[in-house]
Amino acid sequence: MLEVRNVTKRFGGLTAVNEVSFTVNEGEVIGLIGPNGAGKTTLINLICGVYKPDSGAIVFEGKDITGLPPNKICHAGISRTYQIPKPFEAMTALASVLVSVLNGKKRSHMSLPDAVMEASYYLEFVGLFSKRDTLARDLNLYELRMLELARALATTPKLLLLDETMAGLNPKEADAALDMIWSAQEQFAVTILWIEHVMKIIMKATKRVVVLHYGKKMAEGPPEEIIRDPRVIEAYLGVRYAQNL
Amino acid sequence: MVNFELRRDRILVRFRDKKTEWVIEPRYWRNPTIAITFLFLLPLFVQTWPNILTMITTANLYAAIAIPLALQMLGTARVNFGPQLYLGLGGYTAALLNLHGGWTPGETLFAVVVVCAVVAILISPTTWIAKGLYFSLITLILPLTFLDITYIWGDIFRGEVGLTGMSPLLTLPKVTWNYLAYYYLSLLLMLLYLLICDRIVRSRIGVNLAAINENEDVARMMGVNVDRYKVFYYVFPSVLTGIVGWFIVHTFRTFAGVTYLPLEFMIKILIIVLVGGRAFLYGAIPGAYLVSIVEDSLRTLGPVNYFVFPLVLIVLIIFLPRGEGLWGLYRKRRPRDYFPKLHVRRE
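Protein chains in written order, with the working numbering: chain V, 23 to 267; chain Z, 824 to 1170.
For the record, the hints were derived by calculation from the structure and aren't laboratory data. Cβ atoms here follow ideal geometry from the backbone N, Cα and C, with glycine treated the same way. Be aware that one or more of the hints could be misleading.
Which bits of chain V does chain Z cover? Going by a derived footprint, with three or more residues having C-beta under 8 Å, they are [what the hints assert, rightly or not]:
{"#": "1", "segment": "48–60"}
{"#": "2", "segment": "86–94"}
{"#": "3", "segment": "249–260"}
Which residues of chain Z face chain V? A few of them, derived with a C-beta cut under 8 Å, are [said to hold, decoys possible]:
{"#": "4", "residue": "Arg-833"}
{"#": "5", "residue": "Leu-835"}
{"#": "6", "residue": "Pro-991"}
{"#": "7", "residue": "Leu-992"}
{"#": "8", "residue": "Leu-993"}
{"#": "9", "residue": "Asn-1031"}
{"#": "10", "residue": "Ala-1034"}
{"#": "11", "residue": "Glu-1037"}
{"#": "12", "residue": "Asn-1038"}
{"#": "13", "residue": "Arg-1043"}
{"#": "14", "residue": "Gly-1046"}
{"#": "15", "residue": "Asn-1048"}
With these hints in hand, go ahead and build the complete structure from the sequences.
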């Protein structure tokens, strides 16, 4: 479905993403992990079109989307959430989802009331319908993350990129969010590429994991193998820990 | 016969099978209706004082410049410091074509729309390149450059004395009738602008406008074609501003760059937007009336008014609710909410 081929991105002298290539198959939940500064978020930004890769190609459903503007990539069927939620602060929850409903794909015949109904469906799905008229700046972190999820789902994506959805949530909220993402995958048949630091959730949720380290792809495989991989342990916990193991 | 009935919040009046009701509490009155009725009746009380009539006509024109500017500020998420560039362009296009080419007001209107649209489209890429202060600076320089041009080619533009003798829109037998007619024409122009801009804000693309105003990058990620919208929201209000210039040329029949192009005029317009309320297009109307009343009443003070006028406006900006201005006072402290809302009725 998504094919990342030898993508490189440099910021001045720093190579943030270096010759990374992997594929995402349809209907899969794939994890993307790595220590801080490994280039995970940069990779997502490259896929979404925020940055242009210096070399390499990104192919989505057989179409080359390298260097397209974000709105075209959104129309092609890729949507994302942010690590730090970026809500439309002075807009109500309903109106923020409405923006995605109206622009996520071409809906030239959809009236505003119809769009409101559809937006309220997505809000109900993530459990924020009672907060529909609350300004986004008054929502708490969990609700903001759910609002981001609703906004992303409302663009009717085929591939959903989740950027550290669980960061900063307490265990109960994290469980609820995990359930939400699973049911989203079931209901909307989205493929998910998931950046996450919480290994417990990666173990639970994904069948395959890609590990980045200093911008390079280090390993790829099922999570059970990945956590036993000495190179990954070395990268995460240091050389000494890996030797004492 | 006529039956009056007092309910908790309204008075019901029944006559045979007809029923009308009057809501008691003023804040539930149909405010646009009241305000428009008031504005339509206003000149009947002041028609014996032509200077007051001119003042409220000017107020209408200020509002007609400020309403598109407010739309532009929302839609491009940038503060344009030079809307008067298009006022000058429109005015000079209409005046020169009318004086030297002998074009009728209808033909000059067409020319004004074309010229303003072309110039605005040429300048609109600045909304992609520049942000914040840089955009404001670029737009600030343009009208000042145009003012210089009107001085340099003084034999064509007559920058200091202004062009005079353009053909009027209407010629009525009595002078007072002319004043009244121009008031109503300016009022209609302003209300037309308000209607157009309000329809835009409350439509599907108005929701996108709000999103662009909040965060361009995220809006782009949600699939909004931000670049196209920004060009539209730059060009369309510019053309509307140009038409105000055309209107000034054919009603006051005099147009000077030194009146409309300098910084003072722009500051007046920006202050109207700020005092009226940035978030609300309606706010421009009370803002424009307030500013022109203050301006006119301070003019009797003599040279002191050059200090007092800005001071009064600064005090207003400080003490009015931030960002919501006079309209915010009217709306009490309700949170700023974008259209639309969804209400679920529970039994």
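Structure-based check of each hint:
no., hint, in the structure
1, 48–60, "violated (count 0)"
2, 86–94, "holds (count 3)"
3, 249–260, "violated (count 0)"
4, Arg-833, "violated, 26 Å"
5, Leu-835, "violated, 31 Å"
6, Pro-991, "violated, 43 Å"
7, Leu-992, "violated, 38 Å"
8, Leu-993, "violated, 40 Å"
9, Asn-1031, "holds, 6 Å"
10, Ala-1034, "holds, 4 Å"
11, Glu-1037, "holds, 4 Å"
12, Asn-1038, "holds, 6 Å"
13, Arg-1043, "holds, 5 Å"
14, Gly-1046, "holds, 4 Å"
15, Asn-1048, "holds, 5 Å"
Violated hints, in rising order: 1, 3, 4, 5, 6, 7, 8; the structure is consistent with all others.
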